[in-house]
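In order, the protein sequences belong to chains A and B.
Taking this note's numbering, the leading residue of the first sequence gets 1, the next gets one more, and so forth.
Taking this note's numbering, the leading residue of the second sequence gets 1, the next gets one more, and so forth.
Any given hint could be a false lead.
Simulated DEER-style distance windows between Cβ atoms [to be verified]: (1) A:P242 x B:Q293: 26 to 34 Å; (2) B:E247 x A:G200: 32 to 40 Å; (3) A:S22 x B:Q133: 24 to 32 Å; (4) A:A257 x B:D168: 35 to 43 Å; (5) A:Q181 x B:E247: 29 to 37 Å; (6) B:G246 x A:Q181: 28 to 36 Å; (7) B:D259 x A:Q181: 54 to 62 Å; (8) B:P286 x A:T176: 33 to 41 Å; (9) B:G118 x A:P162: 43 to 51 Å; (10) A:S22 x B:A137: 28 to 36 Å.
Quick caveat, the hints were computed from the structure, so don't treat them as lab data.
Glycine is no exception: its CB is placed at the ideal position from the N, C-alpha and C atoms.
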Amino acid sequence: MSSLAAQQQALLRALFDWPAESAAHALSAHTQGDGRRGLMAYQTNGHELAQRALAAAYPVLGELLGSESFAALARAYWHACPPRRGDLAQWGGALDQFVRDDEQLADEHYLPDVATLEWALHQALSAADQAADGASFALLTTADPASVCLDLVPGCAALRSPWPVVSIVCAHRDGTPSLDQAGQRLRAGVAESAVVWRAGWRACVRQAQTGELEFLLALRDGGSLAAALEAAPTLDFGAWLPMAVQSGLVLGARPMAPTS
Amino acid sequence: MLNAGSAPSPPGTPGADVTMVGIGWRQAHYAELMERQVAIDFLEVHSENYFAQGGASLAVLERARLRYPISLHGVGLSLGSVTGLDPWHLERLAQLVGRIEPTWVSDHACFARGVYAGNVVHGSDLLPLAYTQEALAVLCANVQRVQDRLQRRLLVENATAYLRWRSDPEHPAMAEPAFLTELARRSGCGLLVDVNNIYVNALNARHEGVEGDPEWHCRQWLDALAPDVVEEIHLAGHARVSDIQGEIVIDDHGSRVCDAVWRLYRHALLRFGRVPTLIEWDTRIPALDVLLQEAAQARSQCQALAPSPS
């Protein structure tokens with residue numbers, strides 16, 4: 001290994017190992033003095049960045065855990081799953097699984113699904129912009145549903161949970177339902193499926209209608225309108241479509257690409 | 001290789017009879033700056049904050065570019081990484097450059113990317129380089145790759161270093177100004193001189209036993225840099241931290257430019273001429289008017305002290 005590579009590897013190891021004592025000792029072989037004060041500055045900055053980045057993506061999880069526990073979670077995640085990219089907005093997508101595996105949070109069974117939902121909202125915020133094509137819906141009156149697909153807004157997600165995750169997230173985001181009502185649903189073991197999308201610049205979430213989750217998942221997997229309807233026989237498509245178009249969830253209709 | 005001259009020289013570069021002073025534009029001031037139609041010469045934003053494919057931030061920046069020249073300042077390219085650049089990062093930057101058509105594109109002489117526990121990770125910080133020939137070769141190759149992809153000149157900024165690498169007889173270190181000058185000569189990049197970073201490094205060197213007046217060391221640093229490669233100056237505040245681990249000065253961009261850095265700025269202007277200058281403020285962000293006061297002071301000093309362009 002080159003001298004430069006050894007230096008860089010030693011510093012990264014000292015940043016991400018925790019506890020870092022052994023790595024800090026190894027780093028000191030490459031530095032003037034023992035390098036401890038400087039290393040501490042980088043470690044502190046890393047922990048602050050981790051907390052800030054995850055707080056931006058997971059505001060509800062942060063409120064549920066409280067600032068001290070959330071900071072500890074962010075620090076643990078920083079060391080267990082270091083960033084892979086130079087854009088910290090991309091970091092944190094595996095926090096749901098990390099929470100699921102955390103023995104200290106094992107009693108809070110709903111937290112991983114709250115994290116999954118918040119990550120979907122975070123992703124929707126940065127999804128590509130795409131304008132609606134209202135005229136394209138005319139295709140639905142003329143074409144065979146098996147040859148048509150619907151364009152969902154970029155960043156749209158559909159999530160199934162055995163917990164009332166939509167109520168929990170919405171209670172913290174905008175107070176509807178109230179925290180008390182969300183708590184009651186949690187204690188009653190109410191399951192909720194979520195639909196996430198971006199309308200304008202705002203990431204939105206609501207409970208999925210009957211059959212909507214299956215319908216959206218079929219569309220997301222590239223299915224035709226006919227295939228999606230077949231996957232969701234309980235969906236009231238006639239009532240759903242105007243609502244989905246008006247809310248910006250569906251942007252248009254287009255012929256299916258021919259399959260080879 | 002860089003297609004030299006592919007990017008037009010912006011107004012305010014050395015030789016142009018214009019003094020350009022900008023401010024870092026952060027989320028706290030998105031709306032106010034646009035509503036007030038503030039008179040400022042350019043805005044600098046962190047490139048990585050606009051890597052999204054769409055959404056509100058990108059839309060705000062696209063609106064701002066219609067009114068102000070934009071400087072895209074990166075913190076994550078990891079130009080000095082022996083592991084190389086992240087192709088994803090470079091592509092996102094290229095997309096953003098194509099979309100925003102910035103006046104300047106810059107990043108730092110540092111590393112962040114490398115192998116840890118068998119994976120390539122990113123340290124999310126501006127980690128220090130050893131100023132060796134080996135590091136210079138890596139930095140030049142990475143800078144050239146960026147310039148080739150962007151088809152324009154990159155500005156590379158001197159970074160703070162909170163630890164210093166031990167000298168190795170087999171890989172002797174150069175002085176930082178000589179290292180950066182050589183980087184500019186070999187790669188065709190320009191330099192972005194952060195005066196506060198030079199001062200922070202000098203203060204920390206004093207904590208580590210380097211004798212002499214830190215300002216004197218900074219003037220020596222500035223005098224050792226080739227003036228013709230300097231295309232932008234950054235000014236910012238720093239914080240002195242003292243705890244049981246000892247004293248350290250952190251380049252936190254969270255306060256006004258200190259008197260010593262203003263003096264060094266005047267020294268830099270005398271040497272480099274009317275270089276476009278940016279006020280950076282990233283933490284504990286104050287009222288917009290505070291940034292504008294700092295910018296006004298930079299403009300005043302630039303107009304008073306810099307030699308008239310020939």
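How the hints compare with the structure:
Look at A:P242 against B:Q293: about 54 Å separates their beta carbons, and that is not inside 26 to 34 Å. The hinted window of 32 to 40 Å between B:E247 and A:G200 is violated, with their beta carbons roughly 49 Å apart. In this structure the supplied range 24 to 32 Å holds for A:S22 paired with B:Q133, their Cβ-Cβ distance being about 31 Å. One distance hint, 35 to 43 Å for the beta-carbon pair A:A257 and B:D168, is violated here, with the actual separation near 58 Å.
A hinted range of 29 to 37 Å is violated for the C-beta pair A:Q181 and B:E247, which are about 53 Å apart. For B:G246 and A:Q181, the Cβ-Cβ distance of about 52 Å falls outside the hinted range of 28 to 36 Å, so the restraint is violated. Here the CB-CB span from B:D259 to A:Q181 is close to 57 Å, well matched to the stated 54 to 62 Å. Roughly 35 Å separates the CB atoms of B:P286 and A:T176, a value that falls within the hinted 33 to 41 Å.
Roughly 35 Å separates the CB atoms of B:G118 and A:P162, a value that falls outside the hinted 43 to 51 Å. Remark: the range hint 28 to 36 Å for A:S22 to B:A137 is upheld by a beta-carbon distance near 31 Å.
Consistency note: the structure conflicts with the earlier hints numbered 1, 2, 4, 5, 6 and 9.
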